[in-house]
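Chemist: Chains as they are written, first to last, in numbering that gives the first Met the number 0: chain R, 0 to 289; chain H, 0 to 234.
One or more of the hints may lead you astray.
[Unchecked claim] Just a sample of chain R residues kept apart from chain H, beta carbon distances all over 12 Å, derived:
1) P60
2) A69
3) L115
4) P116
5) L140
6) Y158
7) L162
8) F166
9) L169
10) V181
11) M184
12) L268
[What the hints assert, rightly or not] Residues from chain H that face chain R, not an exhaustive set, calculated with beta carbons under 7 Å:
13) N35
14) H79
15) R83
16) V98
17) T101
For the record, the hints were derived by calculation from the structure and aren't laboratory data.
By construction, the Cβ of each residue, glycine as well, lies at the ideal position given by its N, Cα and C atoms.
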Amino acid sequence: MLTIQLIINALAVGSIYAVTALSFEIAYESTGVVNFSTGQLVTAGALVGASVTAIGPHLAPVAYLAVIVAMAALGLLFFVGAYLPLRNRPVLTVIIGTVAVGILVQNVSLLIWGPLPIAVASPVGNATIRLAGLVVPTHALFVILVTMVLILAVYFLLYRSPLGTQFRALAQDPETARLIGVPVMRLYALTWMLACALAGIAGLLLAPMWFVDVGLGDSLALKAFAAAIIGGFGSIPGAIIGGIAVGLAEVLGASYISSSYKDAIVFALMILFLLFRPQGLFGERVADRA
Amino acid sequence: MLRCSNLCVSYGAVQALKGVDLTVAEGECVALLGANGAGKTTLLRAISGLVRPRSGEILLQGQTLGGMAPERRARAGIAHAPERRRIFPGLTVLENLQVGATAVRGLGARMQEDLDRVYAMFPRLAERRTQRGWSLSGGEQQMLAIGRALMARPRVLLLDEPSLGLAPLLAEEVYVRLADLAHTRITILLVEQNTAMALAVASRAYVLEHGEIVLHGASAELMDHPRVKEAYLGA
């Protein structure tokens, strides 16, 4: 029984890692840029959500909408302010640019929200439900549900819509995508909006579980990075499975081995993958990038 | 339909095109011949906007293309099937064709008609429609590259070395289809190293050497031209 409860908690934590890794992955797939500001974007999302819920707890569902809108707007700003001016430079320059964006976002967040931790209510409250002898926090179930909806939405967007085919064509061969008329700049803008919105939602999902401060996303982004590596960098299903795997390793490791080693367990797992299966669980086929 | 006048392109200090003049009339299939490195691919890349000319002009239906981005040129009616086919490896055959229609707006149900036309032309693609691009043979990839370009309902079709890397039999098959295509009065600019095949399909041809047009004329004339015979037909 206890194990099943732990697994549900692990799935909830893993879901948040998965959403963050998805944000990572979408930006990487479409632009080739590893976004090192993901952690700060997660934090920004959580803080925006915290401000909306602070107005009144009944606004908690509205907070999700507000975070999507605000973060998409931030994504557009990211695109115009950082990606557009740097896009013809070597990719490393763009990556360092994302570090700068992260620092900027973190400090602006600090300026607006201050250093004190903020408690955020979940739209489903902080109750627990009893289910066949299990005690499960409602927020954990909510997180899993929201994540499933997001994964489905991303799946349909990327694999079941004409826009998604354009996205994947762009990811596989940008030059040829331009030759067939794919509006590349619009898609890059959309990519950053989507990546920021996903990161923001990850932050808002995490907010009721932890206190929110400007450092909230930092460790989360590291775990999401580990998730992306374990799942296979460059693979969207890999990001999801990797996120869940990290959640499971962390929660089960904390309760069966030691909670002080839970981070070490995750990163040891990541290092093992880097050593013995660097392409991860769903390593991209080299031909897909040819 | 398509006209290049005094087109110059440089890569750093290297002049790839030195004042090229070329026209393709509506409904015409024109071949651009020349050895490796003569500048044929560069010319196509300049027309589709992937490289910026240093000077000179490219006109599509009398309108200068100036510094228009490649994706906008695609929407203006230029479809470029690039060298080495450049199939999207992770997309299925069907997705490759569908995404090829990106440049055409509001296609709706007519997309299926266009797909059927491409499948009728290359039945092999219909059989392989759910396979991913990377799993196709070279010949199938070439058919897909041509089909993908046709999905854009182009005003001008630019084909870069459709026979490159294909076994002779497959190259011939591709060229039989190209001959059919040329008969439909679609405007084609065909770059090819295989001179005999290209001259059989095209009505006119230009010969490019070291970035300059050294010869041009009707295919029948060029086929008998001593210089072409010696340098390109191996006779």
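Chemist: Indicate, hint by hint, whether the structure satisfies it.
Modeler: Status of the hints after comparison with the structure:
no. : hint : in the structure
1   : P60  : 36 Å, holds
2   : A69  : 30 Å, holds
3   : L115 : 47 Å, holds
4   : P116 : 44 Å, holds
5   : L140 : 35 Å, holds
6   : Y158 : 9 Å, violated
7   : L162 : 10 Å, violated
8   : F166 : 10 Å, violated
9   : L169 : 9 Å, violated
10  : V181 : 5 Å, violated
11  : M184 : 8 Å, violated
12  : L268 : 28 Å, holds
13  : N35  : 21 Å, violated
14  : H79  : 5 Å, holds
15  : R83  : 10 Å, violated
16  : V98  : 5 Å, holds
17  : T101 : 5 Å, holds
Consistency with the previously given hints fails for numbers 6, 7, 8, 9, 10, 11, 13, 15, ordered from lowest to highest.
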